[in-house]
Amino acid sequence: MKRWSVILSRVGTTVFAIGLAFFLVSLIPPTPTGDFISSGYVSKTWVTFYEGVLTPQQRLRSTFTANGTVNVYILEVTPRTVYDWISEHHPVPVDYSNVTYFDQYLDSNPTSVAWQDEIRNQTITYEYTPTKTVNITSAVSGHGPDVVSTNYECSLLRSVAPTSKVQVLSEIAISIGIVFTLPWLSKLLRAKKRREDRATTPREESGLR
Amino acid sequence: MTTGKGSPFLEILALALNEDYRFPILEVFAFLYVLGTFAFASFSSATSTNVTSEYVAYTVTSSLLGALVFIFMILVFKNVAYGLGSDIEKGIIQTYFSYPLKRRSILSAKLLSALGVSLALFLGVQISSLYILAPDIVAPYFGTVLLTYAASLSYPLLIAGLILLVALILKRGGLALVLGIVFYFALGIIQNLVMSISLATNSALGLQIMSLFSPNLALNLYYQFSGYPPGSGPWIPSFTDALIYIGASYAIVLSAFLLGYFYFSRRMNL
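Protein chains in written order, with numbering that gives the first Met the number 0: chain W, 0 to 208; chain U, 0 to 269.
Each hint should be verified, as a subset may be incorrect.
[What the hints assert, rightly or not] Cut-off 30 Å, straight-line C-alpha distance, at most; resulting in silico cross-link-like pairs (BS3-like, lysine-lysine): (1) U:Lys77 x U:Lys89; (2) W:Lys164 x W:Lys1; (3) W:Lys1 x W:Lys131; (4) W:Lys186 x W:Lys1; (5) U:Lys101 x W:Lys1; (6) U:Lys101 x U:Lys170; (7) U:Lys89 x U:Lys101; (8) U:Lys89 x W:Lys1; (9) W:Lys1 x U:Lys77.
[Stated by the list, open to error] If you want the ones that stay clear, here's a sample from chain U, every Cβ over 12 Å from chain W, calculated: (10) Leu16; (11) Val27; (12) Ser61; (13) Ser85; (14) Arg102; (15) Ala185; (16) Leu204; (17) Asp240; (18) Arg266.
Quick caveat, the hints were computed from the structure, so don't treat them as lab data. Keep in mind the model is a prediction, meaning the values are calculated, not measured. For every residue, glycine included, the Cβ atom is placed at its ideal position computed from N, Cα and C.
Next up, chain W with everything else stripped away, as it sits in the complex (with noise of 0.2 Å):
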């Protein structure tokens, strides 16, 4: 067998190896590490549930729960990182929690929108992975006159890895493996088919005799 098939072969054989541990670490079920429950009013205002530091070793699953329809948003930002765009947008003091300055800073920042969605008298479940270590914001937003109820419950879970992005790659270490992995498998199979005729063939021509 040529030197280069075999050095193929074997890199092939480590990618299909570190293909295995990736798909090994997709299989880590999560282990929930705390749990979080809060409740808000809004009425053409903004609230924050739960603020907090995310690794990418971590996820945030949230329930949110409203009587009324509502907007919901994980930021990837502080509520002081909110705070501080508006009153440096608007000297005179001003209400914070007015959703007119929420919506402006949403728009002037739509990179700090990591998820958002809107709800109307329905329960809706988010699990967020961050892909980085960030700061987690998770807000509501009524634009309506009428005061709207929210329950917020979340559950911070740890994983080994980020899952879909574990699974991936895992898919294609795998397969990148195989590819380089199967001329040399061949070639072995057939080695061993020519080994097992040369064994049979003096056999069936004595037992002929």
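Based on the hints, put chain U in the right spot on chain W.
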């Protein structure tokens, strides 16, 4: 692996690679490095306030290194102490002398396989896995990540240099392997003892001497206490101090390997 025509150096390198990384050694270690990176990574400093981003990059990288460096050392022990030692013990090394190569080139080929490939696999797999886990830490602070690896790997490489010398002098694979493991743990124990004594007596000398062999100590003290007023601990090295200790420790590592080369080329009777 069949041997074909090629340069003698590559021939010996191919033979050494074939011997050091028989299936599935390479695969098992790559698997363990990936798994270990995810299992041991700790982002506890990332959630703390009042810490610099460099400190976070340093602590996240350091968190991976403890157990995984030992796994790396197992491969080095197997290849250098047991592999090379057994080759000398069984007289296999004498067949290499029939190649038109100087002794130092033969040793280079053996070390490139035993240490170079192990190190490339360790660093390649670990840094890639760390990047997958925390791209925001690895990409902007790649220099800090590399510096942490350089500081942390100096001590294992010194052990590798010492076990090379021991394997060459004793010409016994098994004994070199045992002594390598003893060196590895003994130096670790001494480091902890010196650290305790230095903290108790508020003396910097012990820490400075240990940093010559294990410069990660100096780098750790720099990141942990940078910004603290002088006198907050027995010794708060500056960044330049940490770099000097890393450089000095690699000079010691280089000396150990040069001694090995000198002994193998000039003094060793086979």
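Going down the list of hints, with the structure as the test:
1. Restraint check: the Cα-Cα separation between Lys77 (chain U) and Lys89 (chain U) comes to about 16 Å, which is no more than 30 Å; the hinted pair holds.
2. Between Lys164 (chain W) and Lys1 (chain W) the CA atoms are separated by roughly 36 Å; this puts the pair beyond 30 Å, and the hint is violated.
3. Simply put, Lys1 (chain W) and Lys131 (chain W) have alpha-carbon atoms about 44 Å apart, too far for the 30 Å limit, and the pair is violated.
4. In summary, the hint linking Lys186 (chain W) to Lys1 (chain W) is supported, as the alpha carbons are separated by about 11 Å, within the 30 Å threshold.
5. Restraint check for Lys101 (chain U) and Lys1 (chain W): satisfied, since their Cα atoms lie roughly 27 Å apart, inside the 30 Å limit.
6. Using a Cα cut-off of 30 Å, the hinted pair Lys101 (chain U) and Lys170 (chain U) holds, with the two alpha carbons roughly 20 Å apart.
7. With a C-alpha separation of about 20 Å, the suggested pair Lys89 (chain U) and Lys101 (chain U) falls inside the 30 Å cut-off, and the hint holds.
8. At roughly 28 Å between alpha-carbon atoms, Lys89 (chain U) and Lys1 (chain W) fall within 30 Å of each other, so this suggested pair holds.
9. Our distance criterion of 30 Å between C-alpha atoms is met by Lys1 (chain W) and Lys77 (chain U), whose separation comes to about 27 Å.
10. Not every CB of chain W is more than 12 Å from the CB of Leu16 (chain U) (nearest about 9 Å), against its label as outside the interface.
11. Chain W draws Val27 (chain U) into its interface by the beta-carbon criterion, the shortest separation being 7 Å against a cut-off of 12 Å.
12. Every C-beta of chain W lies more than 12 Å from that of Ser61 (chain U), the closest at about 16 Å, which supports listing it as non-interface.
13. A cut-off of 12 Å between C-beta atoms confirms that Ser85 (chain U) is not in contact with chain W; the least separation is 22 Å.
14. Interface exclusion of Arg102 (chain U) from chain W stands, the closest Cβ pair being 25 Å apart, more than 12 Å.
15. Chain W leaves Ala185 (chain U) outside its interface by the beta-carbon criterion, the shortest separation being 32 Å against a cut-off of 12 Å.
16. No Cβ of chain W comes within 12 Å of the Cβ of Leu204 (chain U); the nearest lies about 38 Å off, and the non-interface call holds.
17. Every Cβ of chain W is farther than 12 Å from the Cβ of Asp240 (chain U); the closest lies at roughly 29 Å, confirming the non-interface assignment.
18. Look at Arg266 (chain U): its CB is around 34 Å from the nearest CB on chain W, clear of 12 Å, so calling it non-interface holds up.
Comparing the model with each numbered hint stated earlier shows that hints 2, 3, 10, 11 do not hold.
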